[in-house]
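Model the full assembly from the supplied sequences, consistent with the hints where possible.
First to last, the sequence lines map onto chains Y and L. Here the first sequence is numbered in our numbering, starting from 84 and rising by one per residue. Here the second sequence is numbered in our numbering, starting from 84 and rising by one per residue.
What the hints contain is simulated information worked out from the structure, not anything from laboratory work. Fair warning: there could be bad hints in the mix.
Because identical chains cannot be distinguished in the list, a pair is counted as satisfied if it fits within a single copy or across any two copies.
Below, a list of computed lysine to any residue pairs in the SDA-like style, where the Cα atoms sit at most 20 Å apart [stated by the list, open to error]:
| no. | residue 1 | residue 2 |
| --- | --- | --- |
| 1 | 314 | 243 |
| 2 | 375 | 244 |
| 3 | 314 | 212 |
| 4 | 314 | 246 |
| 5 | 375 | 204 |
In this text, all values refer to a predicted model and were calculated from it rather than measured experimentally.
Listed below, chain by chain, are the residues.
Number of protein chains: 2
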Amino acid sequence: MRHTLLFTILFASFVPQMPATAADQKANVTRKWAIVLHGGAGAPPANATPQQLQARRDGLAAALTAGRTVLAAGGSSLDAVEATIRVLEDDPLFNAGHGAVFNSEGEHELDASIMDGSTLDGGGVAGVRTVKNPITLARRVMTETGHVLLAGPGAEAFATQQNVDRVPNASFSTELRRAEWEKVRAQEAAENALRQQPAKPWQIGTVGCVALDKAGNIAAGTSTGGRTNKKFGRVGDSPIISAGTYADNATCGISASGIGEQFIRHAAAAQISLLMQHREWSLQQAADYVLKQRLRPGDGGIIGLDRSGMIVWVFTTPGMYRAAADSSGRFDIRIGSE
Amino acid sequence: MRHTLLFTILFASFVPQMPATAADQKANVTRKWAIVLHGGAGAPPANATPQQLQARRDGLAAALTAGRTVLAAGGSSLDAVEATIRVLEDDPLFNAGHGAVFNSEGEHELDASIMDGSTLDGGGVAGVRTVKNPITLARRVMTETGHVLLAGPGAEAFATQQNVDRVPNASFSTELRRAEWEKVRAQEAAENALRQQPAKPWQIGTVGCVALDKAGNIAAGTSTGGRTNKKFGRVGDSPIISAGTYADNATCGISASGIGEQFIRHAAAAQISLLMQHREWSLQQAADYVLKQRLRPGDGGIIGLDRSGMIVWVFTTPGMYRAAADSSGRFDIRIGSE
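Below you can see the structure in the form of structure tokens.
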């Protein structure tokens, strides 16, 4: 059992940070906090106007501000993740909530998940149709049901019981997403393929956030409309704890965006955490390995942070919409390959 | 990058076995095969009659025979896994297909997944209601859609397109499961709880199979009716690749049974594979670690086998229904803690 003993020793060095002590507070020591978010792996279209690019930057900045405000005030990482993702869900430019892509029936089916790194509790919803902010319902799954994933009409029934904000399905629609859908639908009809073709970068898109709060707790969340023209109740990685979302105070928090099937097969988010734990790799090493050695070029990207507040992003797509802030004053907005 | 180099060296020693060479065939060398299955983690009720126990043994033996026949004849591990699980789905004594538990509406919602260790392709279905053998539909998801998970009405629409066997939902019902449901429903109503109580051992149940074929390919599959009186479209680990099912020719195949939420949070099946790959642990060491150090006592069990055909089962429940056979002539049926 040498390995088990070795592991026990290693693990002991990874115990979660404790809340600030009275002595810390007396000395007015500010504990570190950090937040990182993404608006999907992919680059802006080549013909995007400066105004369009600025609107994306503004959307990322608004979401980042929502999350950083929570953390700077001493709020929890779970509250910061939920607040950040709600802003991105409500922004029509990102593929989550309002602005979600169209499925094969011209409607919207939304997926989301959230995870609490202090308990390893998680919650996810798949295929919800009338919930204004799926990330909020995912959090209720985590805290109110004892389950980890609710799907379809059952998730809608739970939303009714929880009295979360509801909207008509059509309210998620935007003209941009409708035009994308018409284009993809025509292509796929021409190809007459049952098997859905590999997604193009502009067909995928997800939003996500990972936060570390002053108490040392990490939380992560992800929300998406899935991929354009998706059929048959397809579920990607975003609602699945360990595939698209993971958080463990002992290691890191992760939110992914990309070809969901690949992130599921490799339990990509959880794999990064496990590599940090079992190989003593840094978050950067573990994320590089999973994105560049296990997944295929172009499969997507991740954002993450570790328990020290070190922020990492890795993507093999031409770009990724992303932003980061922390208690040192960083406030950083990036699009494309910047 | 010392770690990456080290890993590359380790990984090189784990390349999948190649198909038998012409020289092997000429020498009439029989390549090894092996199969292991489970009918759920849990022990028979204390008041079970000898006839009831024998019926369980007979069911396990019939399923094992279906799979071993495929493998002994040189068939693929995927075919063996599907054949084995179909027998268990059709057997009213196991919680999958005919004999599935009742959900909170007195109906049945079935989940299944399958994974091909030679490609890391996988397929799963969640919440299907009229598909006679969900494992067969899961395999079609893997081979025909390019997706990894289909849920609810979409999965039913895919079943229609694939022309798999369909049955009325009520045909999955048995009187035993109805009586269990009535009992649980009364208890949960008395407790008046939104949060579902921790499952009792007899409320959970799953079937699964892992096989290694003569060509050295590993496949794994899992199928279940979920947990008695489940609400809100709850999805457990069984349809989720990496949680309840995993297969990788380089390491092992795994099928799990137990408290699905725990297996999802820990990506339990994939974690066992990753520990073998990254820590050079044996399957037994990796499975013991995940079941006994990461999951909680009583959370459930796994069956698995590695690329050498070594069969392992680990459970922290009072028992597990399970069986194993291999090319050395083993044919082994166990129930409870035997």
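- Structure-inconsistent hints, enumerated in ascending order: 2
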